[in-house]
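Colleague: For chain W, the structure is supplied; the task is to place chain V on it using the hints.
Chain by chain, the residues run as shown.
Number of protein chains: 2
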Amino acid sequence: MSEQSLSDGPARVVTAALLIIGNEILSGRTKDANLAFLGENLNDLGIQMSECRVVRDDEADIIAAVRALSERYDYVFTTGGIGPTHDDITCACIAKAFGAAVIRHPEAMRRLTLHYEKTGVEFNEMRQRMANIPDGASLIDNPVSAAPGFKIGNVYVMAGVPRIMQGMFDELRETLTGGDKKQAVSILCPLGEGVVAAGLQEIQDRYPDLDIGSYPFFRMGQIGTNLVLRGFDEAALAAAGDEVRALVRAHGAEPEDSAEDWK
Amino acid sequence: MSEQSLSDGPARVVTAALLIIGNEILSGRTKDANLAFLGENLNDLGIQMSECRVVRDDEADIIAAVRALSERYDYVFTTGGIGPTHDDITCACIAKAFGAAVIRHPEAMRRLTLHYEKTGVEFNEMRQRMANIPDGASLIDNPVSAAPGFKIGNVYVMAGVPRIMQGMFDELRETLTGGDKKQAVSILCPLGEGVVAAGLQEIQDRYPDLDIGSYPFFRMGQIGTNLVLRGFDEAALAAAGDEVRALVRAHGAEPEDSAEDWK
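Heads up: the sequence lines are chains W and V, in that order. Residue 1041 in the numbering used here sits at position 206 of the first sequence; the count goes up by one each step and never skips. Residue 912 in the numbering used here sits at position 77 of the second sequence; the count goes up by one each step and never skips.
Source of the hints: derived by calculation from the structure; they are not laboratory data. Possibly wrong hints are sitting among the right ones.
Same chains, same label: a pair holds when it works inside one copy or across any pair of copies.
Keeping only pairs whose Cα atoms sit at most 30 Å apart, straight-line, the calculated BS3-like set for lysine-lysine is [claimed, not checked]:
(1) 1017 / 986
(2) 986 / 953
(3) 1016 / 953
(4) 953 / 1017
(5) 953 / 866
(6) 986 / 866
(7) 931 / 953
(8) 1016 / 931
(9) 931 / 986
(10) 1016 / 866
(11) 1017 / 866
In isolation and in its complexed conformation, chain W is listed as follows:
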C-alpha cells in the first residue's frame, strides 16, 4: 500500500483529451507520436488520457472538436498547426472556439525577435504570425525553437513536431494537477488469450473497479498474452493479480511479472 491508501474513498479521476490537427496525419503521410507520449506522461501525473481526435485543417471541424473535448474533459491538449504558413490555422480556430480576439502578443514578439536576431534569420511578416495568440491566453514556453504555445481555458495548444511538443510539455508539466494515479500490474503468460478468457471474465466480475486488459502477441513464433490490471486500489490490484497468476498456473503455464508496469 502506498502512504496514501486509496481504498478509503472514491478515486479522484482527472481526465484529458488530445486533439491532433493536420491533414498529413489523416493521409498517413506523417505518423503521430504525440498520443503515446502524452498518454504515458499524463498517466505519470495521475491524469488519464480518455479520448483522442484527429481532424483536418478545417476551421469548423477544429472549433467543434475543441469545444466538445473542452466541455467534457479536465484538460485538452492540441498538437499541430501553429507554424508560420497559411495552413497553420490552429490559433485562429481556438480563439474563435473561445470567442476571443487574436492579438499580437508582446512577450511572444520579444522572444521571437530575440530568437531570429540570434540565428540571423529574417523575422518576416509570416514568421511574426507565430506571435499571434488569443487574447487572455497565457504562453507555453518553447525551449526548442522559441515560438510559444499557449493555454486558454483548459486547452493547451502545442506544436506538432514531437521534439518541440515534448519540450513544451516539459515546461508545463509542473503546472498540471493530477488526481489519484492508476497503478498497474502486468503479467505475461505463454498462453493464447482464449485459454484464460473465461477465468479472466470471472476475476473481472469480482473486481469491477479494476480494468483488466488482455493483449495477445506473437513473438519469435510463440503465442502469448499480456494481462494488464489497472486501478486505483492497490490492495484490490494485488489480490486480483494473485488470482490471475493462479489462473495461468491452473492452465499449466508459468506467469511472469512483466518489467513494464504500465505498458
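Modeller: Only chain V this time, still in chain W's reference frame:
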C-alpha cells in the same frame, strides 16, 4: 491530364473516418499503426480519411462515436475489441448503435470450428464469442486468424492487430467505391518554411481548390521543408506546382521533386 478530365465538374469526394477502440492506445501502451495504413490505402481508392477518434473500452463512448461518424462520413472503419476476452465489447456496442440484436453467426461458427479443428486448439465458449455478429451484418473475411470482422450499415468492424486488420482490408478493398482520387505534387526545398510562407500563401489564394501543405523538417543538420500540393484538378496542380518551384528558385534555392508523390 488523365483520361477522365476532372476540371469539367465538381470532384466526387468520398470520405471515411476511423474509430480506434482501446484503452491501451490512449495509455500509450500500444502505438496505433492502423490510421496511417488506412489513410494511405483509402486514398489509393479515392477515399479521403477525414477524421479519426480513439475511445476507451466504454460502451457509451463507443456507441456515441460510431453514430456520430456513421452519420457524417461515407465509410467508417473501426479497429480493436473483437477478440475472445471480456474487454472485447466492440460487437455488442456496434449492434446497440444500430439497434440490432447480436446473433451467433452460423458461417462465422463454421469458419472458427474449422480453424480450431485444424490447429488442435479447444474451441471453448469464450472463443465462440468471436462468432457473435450483429443481426443483419455481413462478414469480413480474416485470412490470418479466421475470426471474421463484419460490416453493418456503412461501418466496417475490423481487428486491432495490424497484420490481421491489413488482411481484412485486403479482402474488402474491392468492395469499396471511391470517388475522384486526389493527386499530389511533393516538392522538397532546402529552406525554412518561414522563407517561403508569404509566397505560398499567395499561391494558395490563387488556387483555393488545392490543399497546399508545408511540412518543415531537420535532416542531417539541415533545415528543409516539404511542400505538398493536393487536389483533384491535375491541370491546376501542375500549374501551382510550377509556381511553387519558381518561388523556391526566387529565394535562391533549387527545388527537388520528391519521389514520394503522396507522403
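Colleague: If a hint holds in the structure, say so; if it doesn't, say that too.
Modeller: We went through each hint and held it up to the structure:
no., hint, verdict
1, 1017 / 986, "within (26 Å within a copy, 36 Å between copies)"
2, 986 / 953, "within (27 Å within a copy, 58 Å between copies)"
3, 1016 / 953, "neither (42 Å within a copy, 45 Å between copies)"
4, 953 / 1017, "neither (44 Å within a copy, 42 Å between copies)"
5, 953 / 866, "neither (32 Å within a copy, 38 Å between copies)"
6, 986 / 866, "both (25 Å within a copy, 27 Å between copies)"
7, 931 / 953, "neither (34 Å within a copy, 60 Å between copies)"
8, 1016 / 931, "neither (34 Å within a copy, 32 Å between copies)"
9, 931 / 986, "within (14 Å within a copy, 38 Å between copies)"
10, 1016 / 866, "both (29 Å within a copy, 22 Å between copies)"
11, 1017 / 866, "both (28 Å within a copy, 20 Å between copies)"
In this structure, the earlier hints numbered 3, 4, 5, 7 and 8 are contradicted, and the remaining ones agree with it.
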